[in-house]
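Asks: Chain by chain, the residues run as shown.
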Amino acid sequence: MKPNLILHVVSKFLIPLIILFALYVQFHGDFGPGGGFQAGVIFSAALILYALVFGLDAAEKIIPSHLLRILASLGLLIYAGVGVVALLLGANYLDYSVLGSNQIAGQHLGILLVELGVGITVAAVMLIIYFAFAGRGRE
Amino acid sequence: MAVGSIMIDILINITLLAFLAITSVAIVRLTNLFATIMLFGIFSLLSAGLFVVMDAPDVAFTEAAVGAGISTVLMLATLALTKGQKKSHEEDYEEKPSRAHRPWLPLAVVGITGAALVYGTWDIPGFGDPDAPAQTHVARYYIENAMPETGVPNIVTAVLASYRGFDTLGEVAVVFTAGVAVLLLIGGKRPKSSASLKGDGGQDET
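Chains as they are written, first to last, in our numbering: chain A, 9 to 147; chain B, 446 to 651.
Honestly, the hints are just simulated from the structure, not real lab data.
We put the beta carbon where it would ideally sit given N, CA and C, even for glycine.
Take the hints with a grain of salt, since some may be wrong.
Stretch-level coverage of chain A by chain B, calculated; a stretch enters the list once three of its residues show a Cβ under 8 Å from a Cβ in chain B [to be verified]:
(1) 13–20
(2) 26–40
(3) 47–58
(4) 61–72
(5) 137–144
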């Protein structure tokens, strides 16, 4: 794509804001609307915007595709791992109450970790899919 | 005050639903795939607006981010790969003899299915009906106990991540599987020559 000054400047302003908003949605999901799914999608949208404006190669320099594959697995692993930790601590699978000193703290920690896993996997998978489709038309 | 806000709700609902209907008719009639994808995005955005009116901001958020955002981009990326223009209806249907295209059977199937669905809605309780089965079983338990049991003010998050943790784990696994499937199908580098077309094991070139 040939360079376009307005697109470059505007997206450079927008991308940090989008990423910040994604993090807000991720970690404020306990209190307001949002959560891992939405945050992951918004985060990937920021990087897709970067790839659209600055080119696929520049985007793959920021997040190489092998890292994306690791991240996609890591998120699911975090989620499933929280369940296994609960099992090891003597509760049912995915029962977060035993993770903290009391039930509320445990649930809070569990939900935070699980949502983090969801966000990482969703963001990575969306980027994998986009890079796969966009990279296909490159050659 | 309450009556006024209900009136506004109804007005917004009618407006959004009318736009939804117009958009879907336009999607069916258009042959330009680029415009169709844009209209899909608009359709999702309108649905998100409807969800907001129905006090479901979490769902609206997802619809706006996924439906209007990412899937539009993914469909555009696919379109860029195929560069296809859908064949116009004239080429497809009208130049061929009419025996190739009989509208009556599909029309009857669609009509009967639609009538059955409308008939099914007669038994559905009204929107926000306090006696609806959805409000009387677990929803009541969640509303009363989610805050003391989990300490999370957003009940949707509490249900999604804690009470229904298994379901969400499955959903994440589905997303992960989708990514793996895309990687398996079109990921990685495409073989340069036509060797890949010759046989299954045509990976290595000599």
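Asks: Identify every previously stated hint that the structure contradicts and give their numbers, smallest first.
Replies: 1 and 4
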